[in-house]
Structures are given as structure tokens and as C-alpha cells.
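Letter by letter, the chains look like this.
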Amino acid sequence: MRSRPHDRCNGSADADCFALATQLSTTPESVFHSIEERARFSTGLLCWLTANVRFFDPPQEDQIYDVAPENISPGRERKAFGELGLALRLAHRVPFLRDRRELRVLTDAWLAMARRRNIFFDARRRIHLVPLMAVSLAVFSTLDEVPQAAHQAVQTVLARQFLDRTERSAWSQVDLLYYFDAIGLQHAFPGPAELFQRSSLLAPPALPHAQKIDLYATTHLIFHLSDFGAGTMPGATPAQMVAIRSYVALALATCLAERDFDLAGELLLARICLGERPDALSRFASDTLRRAQQPEGFVPDSSWLAGLKQAHGTAERATEEFFAVYHPTLVALILLACDMTKDTVSLEEVS
Amino acid sequence: MSATMQITGRSIAAAAARRAIAWLAGVGADRCTEDAGVTVDALALSHVCRLLCRDVCDLADTFDASIARARPMPIWTASNLLTGLIAAAGAFGGETVTARSAKEYLLMLEELGPASLTGPNGVLVRMALYGEDRGIRVPVPIAMMPDATQLQGGPDQVRKLLAAIELSSAFGMKTVSAEPPLPILIEGAALAALRAYDLPLGMRLLRAARYLCAEQSAGVSVGLEFLRFSQCDDGSIGDYDTALAQMAARSEPSGVLHLKLPVTLQALWTMAELEDPAFRLVRSAFPGFVSIERHSIAG
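Protein chains in written order, with our numbering: chain B, 21 to 371; chain L, 13 to 311.
Calculated directly from the structure, the hints in this document are not laboratory data.
Yeah, the Cβ is synthetic: ideal placement off N, Cα and C, and Gly gets one too.
Check before you lean on any hint, since a few could be wrong.
One-sided excerpt, in silico: chain L residues whose CB lies under 10 Å from chain B [stated by the list, open to error]:
| # | residue |
| --- | --- |
| 1 | 161 |
| 2 | 164 |
| 3 | 201 |
| 4 | 225 |
| 5 | 227 |
| 6 | 230 |
The shape of chain L in the complex, shown without the other chains (with noise of 0.2 Å):
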């Protein structure tokens, strides 16, 4: 039965991540930069995939070094926020153009003021900032005990519940305890969402399901063979034919990196940290750009 499957390391979500940026690469810069959500969006992938897999840093570098002579200043708020802030950590350090940019942005991100950002948002932008090392300066608001009922209440209460775990866990560094049956019900949750094809929802549940739980269970294992399998043969993951055929019925323009490089980066993202306990992608991504600053301006 695939739900007592042992899972060990990373070594599932390291080969997707070495399918992905080849995909990532063949799609190439041009395409990339046609658009300034889509160019945050590949290199948020192209650096999680170096994250994941340290093979691939020199393919990235090279995918990244062709997206910079393309489109040198990325508009880094043009995809959602998680996303840009992956992508910046990506490019930032060393003098060029774009790692200037993203060094501005992170900055300009800290005169805003991360205290006054709520939520998990709030939580995302502190940790970009200051890492885990220096702490999260502002306390996180103890958010009320989870209530199971709300994974019934449709998908605003859905989202609250899942907001309220990724605020109270910091995306999964401090361990967060949640009594049953929240556990399971957040893994069935996520299983009905998988079965429905909606993948960024189930992707979430299955992250929110780990942050509640570091042991294995049924539920991440049998969500991780999931994504797994949902990798194509391109090395993209997700299969929209029937969604993209639609659009091009329609004469609608191809939106098939708008769909798959979210997608894509989310599901790596979830296989790495429901295959590895310890993986976190907030800890990997986000070493403090602030401290490391304020460290290069004192040295």
C-alpha cells in the first residue's frame, strides 16, 4: 500500500527539480520576459529548483543570466508576493543590474515597515528579511485554535483556517500542535481538492497538514505520490491540455506559463517538504538579506 511508503531526504523532489528547470530552459528567456508576471514566476522556480538540487545551479545561473540581459529590472510585485520575494532572493547578490534591483526591492520592503504587514504575508516579509536566525522581530499573533468545522465551510473558511496555520507555524519553523482529528481532516481536505484538480489548494492543505505534523502519515504520503505523478514528460507539472485547448478555441493568448510555472513551483516546493521533514522553504530561500546587508556595509 503507497500510504506505508518510507520517504527519505530529498531525492523525489531534487529529480523534479532537475526535470523542471530543463523545461524551464527550453522555454527560454524570450518567452519568459514577454511578460512581468511570468519572468518573476520563472525565476522564483529557476531559484527553487537551485535549492532543491544543486546540480542544476550552473543551468539556472545561465537561464537566469538570459533572463537579466532580457529584462534587467524585473517588476518584482508583479506576481504575488511569496513569489517575488523567492525570485529577489534569487538574484540578490553581486553588483548587477538586476541583483541592484532586488536588493532595492527588499529594501524598500523594510522602510515600508514589516511590522505593520499582517498575516502571512507579514510572516513571509519578516523572514525574507531577517531569517530565522535573528528571530522574527515582531511577535506573530498567537491565531486562534484551528476549528476542523471550517474545512466545511467552502473555501473562504478554508483559506482562514490555512491562513491561521501558516501564520501560527511561520510556513512550518515553530512546531505548531493541533489536536485530532484536525490532522487527518486537513489531509482529506487536501486529497478532496487533489481529486477535484485543484492544485494550489491541495498543495496547501498538504503543506499546512506537515507544518501540523513531522511524522509520516498516510496522507502525505499518498499526496507526494500524487504530485509526483503529475509531473509531465516536459518536466512541467500539472496537465491543463483540456484548459489550454479551451483558450486557444477561444483565440485567447496561450496561457500555459501563467498556469504551469505557479503550479510548478508550488509542487516542488510541497514535494520537498513533505518528502523532508527538516525542509523548510522559507529557511532555504530567505537567509536574512537585511542582516547580510548591514554585515557586507559593516565589513
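Bound-form chain B, shown alone (with noise of 0.2 Å):
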């Protein structure tokens, strides 16, 4: 029998999972069958990335020099990068996470390898690294403090009257305006209610027929226009949301017969963010995406399941396994910090 992740833990994390099953058990709110299993789940995925940690880090930015600055593209390096700081922002909403070990632990290690590897370098000609530096500052307003000088670097870019102006899609666009709000920043994006109102939220593509990207639209226009379920959706008017909330759920369906746990759990986290009750629907998809957690901690995407490429080495397989499986391990635990916000709420209401 396989071991299950927190067994591979050190030993406060039963204490721990324990403590958060004590405290959470009451709540309804929770798209988990039960807290216990939602508290397994969340420890085998901070396990797996505490001690993935060191595949997170950044390119050392002021050590490129074969590339000219404007031509320096994101990678998929720096976009892991920046999605664990995206989660980790999420997960600080939530006490019971913010509090818990292997919580500070990557949040230490985040701050530190942004600082050594000198992540905002040459903001101001590197403009195509410009949105994930926002991400970036937006996650140090959270953890710690936004460095000043980044931010007035990267407001200078905008000021010069082209990221904001270039043909975008509403998807696009809302990723941004996002970010740059969260961070105070000055741009020329319309706001959120009429990005909405342009986006394929209102005439979303046909199923049968939608690629994973128009998935990935929809998940991510839900994900920032509604401040990960922390608001609503800008104008949306009743009518809108039963038919959003309709697509959704059908796309998830699809995607959870697909065995897509990347998807599965964004459109999961979806559900949540729009404000949806859990149903029998969440729950199966919960139980789903538990039952595919691996004893490592973390939960495999559709390459992992179907065999990753051949890779020379031990490290190289190493590396391609992370960036096989990181993504949807990560949207595990934002699922977990927005299901856990739930719980906070009602608990703070009943205080």
C-alpha cells in the first residue's frame, strides 16, 4: 500500500491537520465531503511544496546577458514563479493556512529567492516581463512591502502609453487590470463591469467544441473579476450568473471526465468564486481531485498521467515531473485557501 502525503511529513503536520479538522468541522460551507479530508488534502499539498521548493526559482535576472532586454520572454520558470506567489497570496486570506508551518516555510523561501535573484531588473526595458512583475508586486503587498522602486519603475513602463494600448483580449485585459489595481498602479484598461461585458463569459464557446484555452479564459475572467470569490462579479446581472454558473458547471463535468485535474480544479475553484452553495457536483469533483492526489502531495495533470516524456537523467525527470504537475497543485491549494475563506467568513460571522 502506498503511503498517504502527510505520512511523509514531519510529525506536526497530523498535529496540525488534526487541529484545522477540530476547529473547521462544523462548517457547511465546504465543497470537501469532510474537514478531515480536506485537511489531509491541503497537508499532502504544502508538503509536496515545501520540498519542491528549489524548482520554483527564478532565472537570475541581472546575470542575462546574451538577450536584449525587450526580447527577455516570460518562461516557464518565471511563471511558476509567480504563480506560487499568487498563491501564496491567497492562502494568507485564510488564518488557518497563514498560520501553519509549511505556509511560512515557502513563503520565507519565495521572498528570498525573489530578492537574490533580483526579480525586477531592469523593469523598465524589460517590458515583456512587465505582468509578472505586477504579479510580483502584488504578492509582496501581501507578504511583506512593495519595493518602491519596482513599482515606479513598472508605472513608468505603463506611463509610456503601450502595454495598456495594444490590442488585447477582455481575458487579457482583466489579468492585468487585476493586478495593477491590487497594486495602486495607474493604466488606461476600462474597468472590470465592462471588461465583463465584453468577454466570452456572455457568449461563451460551445462546448463540444471549446479548446482548453477558452476554458482557461473562462476560468481566469471568473478568478479576477470576482477577487478569487472575495466579491462579486462587476454587473453582472441574475440572468447572467444562472447561465455563467451553468456553463461552468457543465465544463467541469466535461473536464472530470476527461481526468483534466488542471481544469477540473479551476473550474472547481470557479464554482467557489461565483458564489456557488457546494452541491453534490463539488463534491464529487473534491473527491475526484483528492483520489488523484499522489502519496508525493501533489496532483498530476493530464501529461503526468499520460507518461512524461523521456528525460536523461534523474534531475532532468525531476524538473519535467514539476513542471508536469506543479500547475494543478497549485490550483489545489488556491482552491483550498478559497474554500477555507468560506469557513472564515461564517466563522467570523458567528463571532
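Both chains are given apart, each in its own frame, so use the hints to dock them into the complex.
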């Protein structure tokens, strides 16, 4: 029998797990069947993330000399680093998660990597990195303090009337808008209500033909327009909300059938962000993600399930595995954070 | 949003049937009688078109007659059981050679003892022989409560789940309730199959979703739209150009009818049941041949 994720963590994990379960066992707001299951799931995720935090390390930005600054593109390492930061930012909304040892380890590691790698280096010319820099500035605003020099550099880039004036989809604009607003940057994007009305959420692509990227557009629009469930969809009418919820539910059922755990996680998270009460579909989805979780604690994506491409050595294989599974694992952590936020709200309301 | 589209009657299925029978007539009896299985598939499709659209009865009769001239005694077992039963149902009645052959086939099935047939095939044979009004003589075993996790257990598990639903609902003739989230998960699995262009599986899942819930739902509406737009300009259903080109490149005989006849039949069947919750193919196609036969002998 394969060991469960938390069995491999150090001794404090079980105690944390039990404490969480005890504290939260009365809430009806979770998409998880039982709070014990949720706690074990979260322990597995955090164990894997702490064990693999070195893979999130971004490039040493002040030592890249062979590419012109304007031509440096984000790449998967910087993307993974930014996404870890975002997950931590959201996890910090939840006291129960914020106080966990693993989260403190991850937070310290992220901040240390950001400083050591000098991630805001030459921001005024590295225009393709500015969106990720905005994400990182938003993360800094939650985990530490916003570096003012970097903030000013990004603001200068925006003031040049380029980044917010190029042709972009509503999805892309909403993504950027969310982070620019989070750190108080001035920009020329329309407001969220207007972008919502322009978005594919109101005329989504037919599910039998929709591509994965189309469904990621749906989830990301919902995440950012709703501030990951902390707010409501700006300007959405009740009828529009009914239609969006119906679409997301059917998309979730489709992705569950396809065993696409990355998108299934995002769509379940989107349901939470839309304020959907936990129902049988959401509970089935959370059960499926929990069952998909591997003993190491990560949640696999479809490429991992299909078998990773040939890697030459152990290190290369470990790297390939990391990039195949880190995203659904981070999505699952954000899902937990948003699920637990409902607990926090209800507990605060009770107190 | 298409999910909220209102559906009434069977206008979509009827229109599709009208175009499908035109395609079939254009293919002609010569090509449809080159292969025993294709012949039965063609006769079954012709009959389904007749059931869904009364306007095409004359065209379907003409087509069937041309088939009968080329192959008066089809091998009813050359295709799958349901298709053979539908084809025989279309030929049943009258004194032609083909009609007598169909009658013999159905009476042979009764002699075999439909009680001995288990699973969904048993339901089909009993429905074909006795019809809904006489009830199903052999009680349908109550299938195990469908388990939603079967939908993630691979193709065999999915087919077991579908067989359980078809058996317990007698292909939609009996009400079967399912607890959430099974209905939406089946719809999701159907859309996943359609995305993978596994049309037979996708359509079977859509019909199963309909058997579990008579109300219109987003998945059913989306599935119906998908099928509607899968009809080709010639009236056949399903886009298999690449597969057919590959067969041609390998110098294999053209499989167009092998591919398209069953898919077109299933698509018409599925569209009709999705569009009109009161329509059931097994009720329309199978009025109870043994009962009819005995009544005519007694009369």
C-alpha cells in the first residue's frame, strides 16, 4: 500500500491536520465531504510544495547578458514562480493556512528567491516581464512590502502608453487589470464591469468544440473579476450569473470525464468564486481531485498521467515532473484557500 | 447562450431525417446491397427516417423496394441486434418475400426464448416482440444503482454504467431516477466523448442522460446542437473525411457506408429523443410484432 502524503511529512503535520479538522468540522460551506479529508489533502499539497520549492527558483535576472532586455520572455520558470506567489498571496487570506509551518517556509523561500534573483531588475526595458512583475508586486504587497523602486519602474512602463494600449482580449485585460489595481498602478484599461460585458463569459464557446485555452479564459475571467471569490462579478445580472454557473458546471463535468485535473480544479475553484453553494457536483469534483492526489502530495495533470516524455537523467526527470504537476497542485492550494475563506467568513460571522 | 435554447416537438430530427433519406436514396440500392451488414443498416435507417418524418414515407418505401429487388432476403443478423430489429420492423407486414423473411426472423427470436436474453439486448428483443402495451413479460432485473465513479473508470466501466441505465429504464420506457451529480456527470462524459469525436459513445451517453431526466438541460441542449451541425451537406451525419482518406491511401475498400450508416441512424435516434422527451425509438419502432401476428391469425 502506498503511503499517504501526510505520512511523509514531519510530525507536526498530523497535529496540524487534526487541529484543522477539529476547528472546522462544523462548517457546511466546504466543497469537501469532510473537513478531515480536506485537511489531509492540504497537508499533502503543502508537503509537496515545500519539498520542491527549489524548482520554483526564477532565473538570476541581473546576469542575463545574451538577450536584449526587450526580447526576454517570461518562460516557464518565471511563470511558475509568479504562480506560487499568487497561491501564497491567496493562502495568506486564511488564518488557518497562514499560520501553518509549511506556508511560512514557502513564504520565506519565495521572498528570499525574489530578492536573491533580483526579479525586478531592468524592469523599464523588460517589457514582456512587466505583467509577471505586477503579479509579484501584488504578492509583495501581501507577504511583505511593495518595493517602491520596482513599483515606480512598472508605473513608468505603463505611462509610456504602450502596455495598456496594445490589442488584447478581455481576458488578458482583466488579468492585468486585477494586478495593476491591486497595487494601485495607473493605467488606461476599462473598468471590470465593462470588460466583463465584453468577455466570452456572456457568449462562451460551445463545449463540444471549446479548446482548453477557451476554458482557461473562462476560469481566469471569473477568478480575477470576482477577486477569487472575495467579491462579486461586477455588473453581472442574475440571469447572466445563472447562465455562467450552468456553463461552468457542465464544463467541470466534462473535464472530470476527461480526467483533466488541472482544468477540473480551476473550474471547481471558479464555482466557489461564483458563490455557488457546495453541491453534489462540487463534492464529487473535490473527491476526484483528492483521489488523484499522489502519495508525494502533488495533483497530476494530463501529461503526467499520459506518461512524461523521455528524460535523460534523474535530475532532468525530476524537473520535467515538476513542470507537469506544479500547476494543478497550486490550483488545488488556491482552491483550498478559497474554500477555507468561506469557513473564515462564517466563523467571523458567528463570533 | 445555446444552453437555454427552447426545444419543442421534433422539427430538428424530422428535418434531419428528410435530408438523411435523400442521401440514402442517392447512394442507391446497388451500393447498399454489396454487403449484408450495410443492407440491414440501410433498411434500418430508412425505417427510422420514416418514423421521424411522415413526409418521407414514399421515398423510404421506394428505397426499401429497390433493396428488396436486389436482396429479397436480408441477413437480419448481419448487423447489430438493434439495427436488425429496426430493419425487420420496417419490413414487417405484407406478403412480400422480404416481409416474410422479417417475420421469420422475429418468430425465430421468440422461439429462442427472449427470457433467456439478458441485459439491454434482452430488453430490446422483448420490446420488439411484445411492445409496450403488453408489458415486458420477463421482469427486468433492477440494476445496481449506477455509480458515478464508473464514468472515470475507462471505456468498459462507462459501457457497464450505460448498460445498467438502458436495462433499468428499458431504453427510456420506464422512469429511472438518479441522484445528483450523476445526470450532469453523464452529460459531461457525453460532451467529452463528442470532443474526442467518439460519436457512438457520446450519443449513447446523451440518450442515457435523457432516460434519467426528462427535463431539458444544458448538456442535452448542447449535445443536440452538436448533432444538428454534424449533418453533412449530402444528408449523412458525421465528418470522417480523414479516416476515409486514410483508408483510400491504404487501398482499403471504401468504408463510407460502414461508417456513416450506423452513425446517421444513431444521430437521428438521439436527436429525436433529446428534442422530444416523449419520443422513444423502441416504442415507435416496436409495436409488438408477435401480438400483431397472433391477432391477425386469430382474426
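So, going through the hints one by one against the coordinates:
Hint on residue 161 of chain L holds. Least Cβ distance to chain B is approximately 8 Å, under the 10 Å limit. The restraint placing residue 164 of chain L at the interface with chain B holds, with a minimum CB-CB distance near 6 Å, inside the 10 Å limit. Interface restraint check for residue 201 of chain L: the shortest CB-CB distance to chain B comes to about 4 Å, inside 10 Å, so the restraint holds. About 14 Å separates the beta-carbon of residue 225 of chain L from the nearest beta-carbon of chain B, more than 10 Å, and the hint is not met.
Interface hint status for residue 227 of chain L: violated, as the beta-carbon distance to the closest one in chain B is roughly 13 Å, over 10 Å. For residue 230 of chain L, the interface hint holds, the least distance from its beta-carbon to any beta-carbon of chain B being 5 Å, beneath 10 Å.
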